[in-house]
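**Student:** Sequence:
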Amino acid sequence: MANIMDSVTQRGRKTVYQPAEVKCLILQLLCGVEYLHRNFIIHRDLKPSNLLLTSEGTLKIADFGLARTFSEPIEPMTPRVVTLWYRSPELLLGTSHYTQSVDMWSVGCIFGEFLKSEPILPGHVEREQLEMICNLLGSPTKHIWPELPTMPFYKSFKFPEVKYDGVRTAFRGIREGALRLLKDLLVWRPKSRICASDALQHEYFDEVPKACLPLFLPTFPEFRQEDSNSHHSSHYANASKTNGLSQISVSQSAQRLGGLEARYGGSNVLESATSLVQPTLRLKRRRFDQESDTLLDIGVPVFQPYSKD
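FYI, UniProt numbering numbers position 20 of the sequence shown as 20, with every residue one higher than the one before it.
Derived by calculation from the structure, the hints in this document are not laboratory data. The beta carbon of each residue, even a glycine, is placed where N, CA and C say it ideally should be. Keep in mind that a hint or two might mislead.
Ranges between beta-carbon positions, derived for each pair [what the hints assert, rightly or not]:
{"no.": "1", "residue 1": "Gln18", "residue 2": "Arg38", "range": "26 to 32 angstroms"}
{"no.": "2", "residue 1": "Pro73", "residue 2": "Tyr154", "range": "19 to 25 angstroms"}
{"no.": "3", "residue 1": "Thr150", "residue 2": "Ser55", "range": "44 to 50 angstroms"}
{"no.": "4", "residue 1": "Arg38", "residue 2": "Thr78", "range": "22 to 28 angstroms"}
{"no.": "5", "residue 1": "Gly94", "residue 2": "Lys183", "range": "22 to 28 angstroms"}
Please work from the sequences and hints to get the whole structure.
**Tutor:** Take a look at the structure:
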């Protein structure tokens, strides 16, 4: 198993994913995120380096050190979460009342990175990050984000006057369906951002080319195998379990969500690609330190290998 960034960069050279491969990766990621959100868990640190890829092309979500359960009404949580490049506007503006939509913004940034083979919003500090978002999406207004003036840092940040959405220009040559999904994910207003379950039904996945089978994703570069006994192996092994949590394999989630079979080209081929894992939901009583907003323990769905015998 390797970090997904290993397959993006080979000895300093970018690996450009083909459209069908991007579609397969983002489909698997959305299935995993939908599973988390359906079980009332926000990951709060989705980024490419927290996505693992097996040699069979199965994407696994890892590192639940910042994960937290959520409920209604929304309880306050620290905004100092999510790696800067993948942090949503509401977190950058200091809100402590947020939802699983922060994960969907991160998914949008990851999707854009898969499409361009490079980070799309590589800011160094919060102010620069907000400016880069403005340059990509156009500056927000009270019309498109009515809650904007209530953000804690709203008055301390002067938004640049960028009137036009630059997504189409920044992603020149990208197919229309991919652009529409990207724009549905990268939305200023959290309430208007597409949710994981709706994203899985997006027209993007119905367009040709369909998502390739996970088994047909690019294999790991040879240098990863040469260094298999080095510190890299232990690094990725440790990345797959944080606070005693197992990583989530997501291809079986796709099989359980009705209607996704056709997006891999038919139910038979999907079944063959997902028969490597069997879902086992591990339920435990867990709790949080509410004062420090620290995750002490949490129960997550664990997908474990099984034998057909």
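**Student:** Decide, hint by hint, whether the structure agrees.
**Tutor:** Status of the hints after comparison with the structure:
1. Gln18 - Arg38: 26 to 32 angstroms: At 30 angstroms between Cβs, range holds.
2. Pro73 - Tyr154: 19 to 25 angstroms: Holds: the Cβ-Cβ distance is about 22 angstroms, inside 19 to 25 angstroms.
3. Thr150 - Ser55: 44 to 50 angstroms: 48 angstroms, holds
4. Arg38 - Thr78: 22 to 28 angstroms: Holds, since Arg38 and Thr78 (Cβ atoms, about 24 angstroms apart) stay within the stated range.
5. Gly94 - Lys183: 22 to 28 angstroms: 25 angstroms, holds
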